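Using the sequences and the hints, build the whole thing.
4 protein chains.
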Amino acid sequence: MSERDTLKALRNFVKLRDWGEFHSLDNLAKSISIEAAELLEVFQWGPELSREKSIDELADVLTYCYLLADKLQVSPEEIILEKLEKTSAKYPVEKSKGNSTKYDRL
Amino acid sequence: MSERDTLKALRNFVKLRDWGEFHSLDNLAKSISIEAAELLEVFQWGPELSREKSIDELADVLTYCYLLADKLQVSPEEIILEKLEKTSAKYPVEKSKGNSTKYDRL
Amino acid sequence: MSERDTLKALRNFVKLRDWGEFHSLDNLAKSISIEAAELLEVFQWGPELSREKSIDELADVLTYCYLLADKLQVSPEEIILEKLEKTSAKYPVEKSKGNSTKYDRL
Amino acid sequence: MSERDTLKALRNFVKLRDWGEFHSLDNLAKSISIEAAELLEVFQWGPELSREKSIDELADVLTYCYLLADKLQVSPEEIILEKLEKTSAKYPVEKSKGNSTKYDRL
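Protein chains in written order, with our numbering: chain B, 64 to 169; chain F, 64 to 169; chain V, 64 to 169; chain C, 64 to 169.
Since the hints were made in silico from the structure, they are not lab data. As the structure is a computational prediction, the values presented were derived from the model and not from experiment. A portion of the hints provided could be inaccurate.
Copies of the same chain are indistinguishable here, so a pair counts whether it falls within one copy or spans any two.
27 Å max Cα-Cα, derived DSSO-like pairs, lysine-lysine [to be verified]:
#	residue 1	residue 2
1	K78	K134
2	K146	K158
3	K78	K153
4	K153	K165
5	K158	K78
6	K146	K71
7	K160	K146
8	K165	K146
9	K158	K71
10	K160	K149
11	K71	K165
12	K149	K134
13	K160	K116
What follows is the structure, given as structure tokens:
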């Protein structure tokens, strides 16, 4: 399946339920934060993995991300790659290798 | 570009910087929440859009989601579609049309 | 200083800047999430403490919590204690001692 | 009730259940983010208030904030007031009156 097909399936799901009216940009942004916290809850008391639960919650975060990308009329994968170029420039390999220091303190 | 290429570019970016050691599952889950909140910050005081900032922050959330998916050895788009099937069953069109009530109170 | 004095100082700060108009309930809820993520960022790549930064970010979360409590016309400490009673009932000592299992799976 | 009494009640609750071992600083920071998102969920699809639910979720955020403050050996109200002084300096009344612009763009 391609990104185009995934977006189409999501759009169709929303349209069938008339949920477009709820999906304002700010409501989608809130939804991404809410689902991200449910994913974080898997790791609330330690790093132990519940694989099935993680995948389930990650899917919810991704779903709202795709819906927001669609609303903003951008391709999820294109914006990942564009940002990756910018981040690569901010974190030159020789300076950032093996350390997690934020770029403004590199 | 396909999903496979996007994941490959991300993996390469991380590998070049030796950042794999920081990308434990729980650290990635935290990172998704942190970036989701930066996206939410665009809408902190109201629904007005800053298009460029939204795309930029959404790209960060998506990036960490893809990295976590890769770590869990699942395809981002496949898990979106699998979850969509489950959600479709939980929210039958006739019951959920035009309302945002949570499935457990439908 | 008492809770009453703290709330008074916060109210005065907001009033002087005419910020009441921004502090709708939903904007305050968003702000709490945003600041909570900045606190989480201190621990993004591991459990190491940056004491000063933690206190600084925790103060921001608490500030928005107090502002929201004030808007909802409740006392922060009273609602903590009322919730503690409910939680104590949900997690009886003998069942929950030394384990972090959620009450619905106890 | 004073802040001291609230902290004492929380400490006692945790001690009785041997939950101190789960309450590392980073786990508490995660917990604050998780509960903040549950509060945000009240407002996920719009600004309408569910008063009872809001208070309930706000109490959870505050509880973890107090536990973290206690762990950091600071008084919640003192750090609110200290931060308020710093914020007051960053947002002079004459510059910030009636606008929500972030200090670094004032």
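task = Tell me, in ascending order, the numbers of any earlier hints that this structure violates.
result = No numbers; nothing is violated.
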